[in-house]
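Those letters in the sequence shown? Residues 1 to 417, by full-length UniProt numbering.
Please keep in mind that the hints were generated in silico from the structure rather than gathered at the bench. Take these hints with a grain of salt, some might be off.
Stated by the list, open to error - Label-pair ranges, simulated between beta-carbon atoms:
{"#": "1", "residue 1": "Ile-22", "residue 2": "Phe-384", "range": "35 to 41 Å"}
{"#": "2", "residue 1": "Leu-188", "residue 2": "Asp-365", "range": "34 to 40 Å"}
{"#": "3", "residue 1": "Val-334", "residue 2": "Lys-91", "range": "40 to 46 Å"}
In this text the structure is predicted, and so the values were computed from the model without any measurement. Don't be surprised by glycine CBs; every beta carbon is placed ideally from N, CA and C.
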Amino acid sequence: MNKVLLIIQREYITRVRKKSFIIMIFVVPLLILAMGFVIAMVAKDSGQPTSLKIVNVVDDSKLFAGKFHDVSNIKFIIPRQDLKTIKAISKDDENIATLFIPADYLTKGGVQIFAKKKSAIQLSSEIEKQMNDIAFNNNMIARHIDTAAIHSIKKTDISVNTVEVTDKGDKDANMGANIGIGIACAILIYLSLLIYGGQVMRGVIEEKTNRIIEVVISSVKPFQLMLGKIIGVGLVGLTQFGAWIILSVISTKIAGHALNSPASPMTGALAVLQTIPFGYIMGCFIFYFLSGYLLYAALFAAVGSAVDSETETQQFMFPITLPLLFTYLLSVSVLFRAPDSTLAVWLSMIPFTAPIAMMVRIPFDPPVWQVALSMSLMVIGFLFTTYVAARIYRVGILMYGKKASYKELVKCFFYKE
1 MNKVLLIIQR EYITRVRKKS FIIMIFVVPL LILAMGFVIA MVAKDSGQPT SLKIVNVVDD
61 SKLFAGKFHD VSNIKFIIPR QDLKTIKAIS KDDENIATLF IPADYLTKGG VQIFAKKKSA
121 IQLSSEIEKQ MNDIAFNNNM IARHIDTAAI HSIKKTDISV NTVEVTDKGD KDANMGANIG
181 IGIACAILIY LSLLIYGGQV MRGVIEEKTN RIIEVVISSV KPFQLMLGKI IGVGLVGLTQ
241 FGAWIILSVI STKIAGHALN SPASPMTGAL AVLQTIPFGY IMGCFIFYFL SGYLLYAALF
301 AAVGSAVDSE TETQQFMFPI TLPLLFTYLL SVSVLFRAPD STLAVWLSMI PFTAPIAMMV
361 RIPFDPPVWQ VALSMSLMVI GFLFTTYVAA RIYRVGILMY GKKASYKELV KCFFYKE
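Just need the whole structure built from these sequences, with the hints factored in.
Right under this line is the structure:
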């Protein structure tokens, strides 16, 4: 046990003393804040043309011309020239587009926009919206329906808020915050498992390549060495996460004091975040990070012990990381929309996919028995993978000059001492 502790201490201290580790503790939160600010600014102006877009409307149907209204950066004009001349103008000037509405626009050819460059989606969406509104009004007028009365009725603005009924009373479900937290946790788990698992693998390859492993293995058992490396790097990851959480809490407090106005959007966002059970979510995050890390790091260590260079790991890395990638893609596209679906439940039970899938579901309060079963299966899963990896590791670290293959990994597993 003392030897394992020494290996853990060496792996941990070696990494936390690096300048890159200290720099990243402060840089990552700043990068996340900067990225969020940039995304917000880009989203605010996304789809907006950079300059005034003039749209010449050529309407052979005689149903739409003169009924378009100008909006921000888009101006509609009815030209006197024919379609051929107008298209030629659009070909020479990228800020002028031609909207052609044929007489039989509903049956053949459809409506077309001619422009020098591919038009922004905002332009085509605005034209579609206005044409649908105009067609709707034309149909009502044809049936002698009062369009003013219809539009006054349509102005009703209804918002729906989800309220969670609990034993302690009703509370706001905060669906948007739950979705954001679930996806953020899934992304963090995915990246951390790849980053820290990769560090274990590279550390094993480096020591094996430098022949340091032959000296170390004379003093400790292979399993002790592998376990020490995995735990040491895992503690490095927890240290970084802890530092990031502390810095995030401090920055949130500072932002809350700086923007203490009730009308401030930041104040409203902070009020929403205060209703989220961060203690429970953080506890689950730490568990699934540790259990998922132990599971995947053991496999990464086994792969690192069986190869002589990092370039040889590619054939083994894809099958190992495929469940993570598969679940990550589902988490940011499907799982957060249906956190209690059959697919989400099964993925949160399989040890190779549970760390990501369950962290998407945790903010939505899955049944306690499902969380308990998932955690139990995670413990069983990383114990099993650690056993398999240890049997490969004990032989693989002393193999040199032989090309690694799945057949060799199987031989290493069944090799008897």
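Do the hints match the structure? See the list:
1. Ile-22 with Phe-384: 35 to 41 Å: holds, 36 Å
2. Leu-188 with Asp-365: 34 to 40 Å: violated, 20 Å
3. Val-334 with Lys-91: 40 to 46 Å: Given range 40 to 46 Å: holds, Cβ gap about 43 Å.
The structure shown violates just one earlier hint, number 2.
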